[in-house]
Amino acid sequence: DPEADPEASPSLELPRDPDEEDEPTEEEPGSTGHASHSWWFVRRDGAVGGPYKDGEMRQKYNAGLVHDTTDVRCVPYEGHPTVEEQAAEVFAPLQELCTAAGPPFMEIAR
1 DPEADPEASP
11 SLELPRDPDE
21 EDEPTEEEPG
31 STGHASHSWW
41 FVRRDGAVGG
51 PYKDGEMRQK
61 YNAGLVHDTT
71 DVRCVPYEGH
81 PTVEEQAAEV
91 FAPLQELCTA
101 AGPPFMEIAR
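Read in UniProt numbering, the sequence shown has 4 at position 4, and its numbers run on one by one without any break.
No wet-lab data here; the hints were simulated from the structure. All C-beta atoms, glycine included, are put in the ideal place defined by N, C-alpha and C. Don't take each hint at face value.
Claimed, not checked - Using C-beta positions, here's what the derived DEER-type ranges look like: (1) 68 - 46: 14 to 22 Å; (2) 90 - 67: 12 to 20 Å; (3) 84 - 62: 30 to 38 Å.
All chains should be modelled from the sequences, with the hints used to inform the complete structure.
Dropping the structure here:
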């Protein structure tokens, strides 16, 4: 598990966990028109994980891999930033983006 490996060197570009790539993303029928987001988060070993879609982040949150205090970055999906652009951005704790309903990626578009 790369998130649990304290010896892993921090990197801005990580391959996705092969187990995660095969997991289906939860999507609600009729969710067209929903603004999708790209999410990144700082893993426990200091490396940056992402980009992930809303449904993927929802799965990580439900699995306990992302918490309210996890530093995250959320951007409306307009393509992926370069590694250099990503390095210049500031990450913030997920709780700063939460509402009473929880993290934004927990809301399923209707």
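Right, here's what the structure says about each hint:
In this structure, residue 68 and residue 46 meet the distance hint of 14 to 22 Å, their C-beta atoms being roughly 19 Å apart. Between residue 90 and residue 67 the CB atoms are about 19 Å apart, so this pair conforms to the stated range of 12 to 20 Å. A C-beta distance of roughly 32 Å is found between residue 84 and residue 62, which places it inside the suggested range of 30 to 38 Å.
Checked against the numbered hints above, the structure violates none of them.
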